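Asker: Each chain, letter by letter, is given below.
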Amino acid sequence: MELEETLELKNKYGLHARASTTLVAVTMKFRSQIHISRSEDSQEVDGKSILGILTLGVEKGMSIRVRVRGDDADEALRAIRALVEANFHED
Amino acid sequence: MLVKEGTPVSPGIVIAEAVVLGLDEQRVPLRQIGRGEVDTELRRLDRAVAQAGREIEEEIGNLAAGFELPRQILGVHRDMIRDPALRAAVEKTVRGDHLSAESALARVMEGYYRRFEEMDSNYIAERSLDLRDIERRIVGILIGKRHGGAPQVAKPSVIIARNLAPGETATLDREKVLAFAIDVGGRTSHTAILARALQIPAVVGLETISGAVRTGDLVIVDGYRGKVIVQPDKKTVEEYRSRAVSHRQHYQLLLKEIPFPTETVDGYELAVAANIELPEEIHSAVEWGAAGIGLYRSEFLFDGADLDEEKHYRTYRGALKTLRDRFMVVRTMDLGGDKLPGGSRASEVNPFLGCRAIRLSLEQPDLFKAQVRAILRASAHGTVRLMLPMVSNLDELRSARDLIRQVEDDLRRRGIEFDPEVKVGIMVEVPSVALMADQFAREVDFFSIGTNDLIQYALAVDRVNERVGHLYQPTHPAILRLIRMVIDAGKRNRIDVSCCGEMVSEPIYAILFMGLGLRSFSVSPIAIPTLKRAFRQISMKEAVDIAQTCMQFESARESRRYLESRLAYCIPGDS
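The listed protein sequences derive, respectively, from chains V and U. Here the first sequence is numbered in this note's numbering, starting from 1 and rising by one per residue. Here the second sequence is numbered in this note's numbering, starting from 1 and rising by one per residue.
In short, the hints are calculated from the structure, not lab data. It should be emphasised that the depicted structure is a prediction, and the values quoted were computed from it without experimental measurement. Hints may contain errors.
[Said to hold, decoys possible] Within a straight-line C-alpha distance of at most 35 Å, the following computed DSBU-like cross-link-like pairs (lysine-lysine) qualify:
no., chain 1, residue 1, chain 2, residue 2
1, U, K92, U, K176
2, V, K60, U, K369
3, V, K29, U, K92
4, V, K10, V, K29
5, U, K311, V, K10
6, V, K10, U, K369
7, U, K256, U, K491
8, V, K29, U, K491
9, V, K60, U, K92
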């Protein structure tokens with residue numbers, strides 16, 4: 001199963017180191033392949049790679065495109081969406 | 001015997017053997033492997049990575065509660081080590097280029113460094129330092145030499161290194177590590193800040209110490225004066241031994257001071273607050289008996305992609321919680337364009353006199369207002385005061401106050417709570433303000449004299465320039481006159497005047513200023529008890545007399561000599 005969604009980052013720092021760590025902690029839980037890109041670029045990185053995510057340079061207000069492929073794609077995407085909506089728990 | 005001088009960043013005296021840590025720039029030998037060795041190399045790699053991961057987990061576990069910064073840093077390191085893309089890239093290099101695990105890792109890392117360093121965000125670019133740290137750690141395990149992580153020290157020693165990564169300084173076993181002496185860095189580098197928070201003596205910026213010491217050499221680290229003495233002779237060792245003893249005794253005495261009110265022998269009350277830069281230091285401030293935070297250097301909150309209003313707000317609010325009903329003065333951003341993340345990297349020929357602090361804030365009003373918003377929102381939770389740095393004319397002050405009013409109006413409209421009585425003051429550091437102190441006093445709620453910069457600007461001296469550093473004279477008669485001008489204007493206009501410069505952490509100068517009329521001081525937390533003690537042993541009458549005498553002198557030298565002899569009782573040995 002392959003799913004795709006664009007999510008807007010509303011947390012103030014965007015995908016800085018701490019948020020990236022939090023994201024990777026979530027993506028690593030799933031078997032599916034997860035790819036992330038900046039919504040306006042086509043260059044994708046592995047959503048389980050913190051180094052890759054950092055090189056995307058996603059800042060606040062930007063959107064990311066999340067592409068998930070695998071049998072737990074649905075859960076994975078839901079978890080990622082929830083994380084973004086919770087502003088990466090940066091309270 | 002070799003004496004090296006550097007920047008003292010955390011006090012204390014230690015006499016012990018040195019351990020010189022592995023080199024920062026280690027050359028990983030390029031090693032080719034045979035085709036049949038690929039699997040062996042990959043197994044080596046996996047074992048090393050697993051071990052590195054375990055070490056980091058252990059270090060995280062060993063961190064005391066409250067060390068958020070190192071915990072986060074180590075967490076990022078752990079994720080980087082376990083990064084699947086990194087593993088895949090290294091495997092590809094091992095197979096494709098027939099390189100050993102460490103050579104392949106070095107090559108892949110090189111590629112990442114380049115990508116990171118090219119990125120627009122300063123913040124991300126700095127993450128390449130984290131990468132170097134983990135490369136060193138994994139390679140160290142692979143080639144069997146310990147690098148990074150907790151230094152392997154068998155017995156209590158002085159740690160010497162070219163540099164220490166943030167993660168390393170926080171995880172050191174205090175029993176085994178007695179002091180640091182490192183080549184690079186300054187007062188505000190990570191090592192320095194953490195060393196102070198952990199209360200380990202440290203001297204940085206020594207430039208060549210790592211090359212001058214061998215593991216096993218006896219060294220003396222003087223964290224008060226910024227000296228490191230390699231292979232000291234007997235006489236020097238004796239001298240330092242007795243100094244260390246008297247410092248320890250002094251420390252015990254200081255601890256006893258804390259509960260007493262700060263007042264002179266003849267009952268004049270004084271306020272001694274703390275200068276801090278990290279939230280972790282608030283605890284120190286309260287522990288050491290600070291009346292409040294006289295200067296919160298907010299620059300350290302600007303370490304990220306942009307000004308994060310929420311982060312500022314949370315930090316200020318958290319600080320107020322620890323402070324309870326003590327006050328907190330937040331100084332708005334005192335940075336230059338080059339240090340501001342996302343800011344212009346165009347370098348100025350003379351950044352010290354350039355577009356920084358209030359000037360930069362007025363050029364970027366949105367950024368300024370965001371910080372003001374965070375400060376005002378926090379004011380609903382405690383006693384907050386807002387302070388503007390480097391104001392040099394009335395227009396700047398008025399523009400800044402306009403912006404502050406706009407933020408207040410906006411918050412009111414949105415029904416967001418804030419304290420409408422928040423006091424707004426300025427740093428008095430530019431001589432023009434001191435000379436027009438009356439006019440400024442009418443338009444602010446308080447002054448805080450920043451002697452560090454005031455002295456440099458007034459005497460036209462760069463204090464870190466070795467050739468003229470001696471001209472930086474705190475007791476220069478001109479400086480005393482400027483200070484008095486400011487204090488008097490404050491009195492006439494009934495506003496609080498405080499001093500947050502380094503100068504007043506020395507009791508003899510604090511007493512001099514007290515004699516000139518100053519009643520509020522703000523110093524580094526550990527300097528508070530010493531100051532308190534000095535104040536409690538003198539009368540205001542005497543202080544006024546001392547100040548009047550100093551005002552008659554024609555040179556800083558005369559003042560200093562006079563103060564040192566008249567106030568010998570409050571010069572504790574040498575700290």
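Asker: Going through the numbered hints above, which ones does this structure break? Give me the numbers in ascending order.
Answerer: 1 and 8
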